[in-house]
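**Student:** So you can see what is in the structure, the chains are spelled out below.
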Amino acid sequence: NAGVTQTPKFRILKIGQSMTLQCTQDMNHNYMYWYRQDPGMGLKLIYYSVGAGITDKGEVPNGYNVSRSTTEDFPLRLELAAPSQTSVYFCASKSTGVGQPQHFGDGTRLSIL
Amino acid sequence: GQQLNQSPQSMFIQEGEDVSMNCTSSSIFNTWLWYKQDPGEGPVLLIALYKAGELTSNGRLTAQFGITRKDSFLNISASIPSDVGIYFCAGSNTGNQFYFGTGTSLTVIP
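Here the protein sequences line up with chains A and B, keeping their order. Residues in the first sequence are numbered from -13 upward in steps of one, following the working numbering. Residues in the second sequence are numbered from 473 upward in steps of one, following the working numbering.
If you are wondering where the hints come from, they were derived from the structure by calculation, not from laboratory data. Among the hints, a few may not be true.
[To be verified] As a list, the in silico DMTMM-like pairs of lysine to aspartate or glutamate whose alpha-carbon atoms are at most 25 Å apart:
1. K30/A to D490/B
2. K(-5)/A to E58/A
3. K542/B to E45/A
4. K0/A to E58/A
5. K542/B to D92/A
6. K(-5)/A to D510/B
7. K(-5)/A to E513/B
8. K508/B to E65/A
9. K30/A to E513/B
10. K0/A to D92/A
11. K30/A to E487/B
12. K523/B to E58/A
13. K523/B to D24/A
The following block holds chain B by itself, in its conformation from the complex (with noise of 0.2 Å):
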């Protein structure tokens, strides 16, 4: 199956702080999603990327398409408690089915 790996793994940072991940792929993809998972819950749509080079902002989320099309990044502004949860980069090429990335645990201290 298609490879998607996520850094880092885990972030431990202060509240106020901004946050930067990314994920990269061994292939090409068209679609690239950011997801938020709380505990005890399923993954929750962040963001939805569909061209490269793509810049796309949802509050203090921005995530990007990279150029290459095998990799994206998302950034946290401005970190809060809220937006302690593990992200997930997920990737598509046929647009129906994606692969997900290893995710990456968020811990924000107050």
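Excised from the complex, chain A in its bound form (with noise of 0.2 Å):
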């Protein structure tokens, strides 16, 4: 059972560049999350989906976009990359129920330069 899936693990970016980090789950988890984790901090939500077709801001979505066509996918978007996007970007997902524990991927490691 892979769980929740990100790609890539690691990627360099130009200042204006974009890219979409993927995630995927194997779960028919209807609860997907993108949360950023910069050095020594901890996880801040960026945007969140309660279902296909739904999707929702979090503490700090500005200068990214998501989408939810599927259960399983849930790709984050960067439109124009800036310095202040390099982070650690961890996927999650969760199933429906008031309460119930998020899994995690591992994560894309993402620079801006």
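The task is to assemble the complex, starting from two chains supplied on their own in separate frames and drawing on the hints.
**Tutor:** Laid out in structure tokens, this is it:
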């Protein structure tokens, strides 16, 4: 069982470039999340989705976009990469049910130069 | 956003010692979770707490949901080298959106 899979694991971008971070889960979870983790800090919620076709902003959504066309996939898009977006990005999913824990992928380490 | 403060920020302990860390929130939560993160990996769930006052164990780990619902505690007994990592608390009052603490970095000296 693969769980939550993120690609790529590492990426270096130039300022102004765009890219999509991929996330897929095979647990049929309705809820999916994107977080960023800066050095020495906890995770900050970027966007989340409660099901296919539904997305909502988290704490730090500026500079990012998401879509949720299927239950399995929840890609995160950076349109105009900025140095402030250098971070480690984690995708997570959880099943429906209050308080059910999130399951995390292994992260994408992104550097903007 | 919600503020979750974890303490201590880092700990250096001898193998075999017990460890205590805590997490406090500026608001009430209905769910507290504790995760461990190893270098280069995503957080992995250790313990989930759903009721004020609840005390739950997972092997050498024990966590408690504070009575005020604004705090939670994690204890590790008889630490071993593989306990090294960063421990995060997370809280929720909706059950679907979680706020994470800043983490406690644990180093175990053999």
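**Student:** Hint by hint, note whether the structure agrees.
**Tutor:** Hints, one by one, checked against the model:
1. K30/A to D490/B: 30 Å, violated
2. K(-5)/A to E58/A: 19 Å, holds
3. K542/B to E45/A: 20 Å, holds
4. K0/A to E58/A: This hinted pair is violated, its Cα atoms lying about 29 Å apart.
5. K542/B to D92/A: Not OK: K542/B and D92/A at ~29 Å, beyond 25 Å, violated.
6. K(-5)/A to D510/B: Roughly 15 Å separates the two Cα atoms, so the pair holds.
7. K(-5)/A to E513/B: 10 Å, holds
8. K508/B to E65/A: Judged against 25 Å, a Cα distance of about 32 Å means the pair is violated.
9. K30/A to E513/B: With a Cα-Cα distance of about 16 Å, the restraint between K30/A and E513/B holds, given a limit of 25 Å.
10. K0/A to D92/A: Status holds; Cα separation ~23 Å.
11. K30/A to E487/B: The hint is violated at about 32 Å.
12. K523/B to E58/A: 31 Å, violated
13. K523/B to D24/A: With Cα atoms ~31 Å apart, K523/B and D24/A exceed 25 Å; violated.
In this structure, the hints that do not hold are numbers 1, 4, 5, 8, 11, 12 and 13, in rising order.
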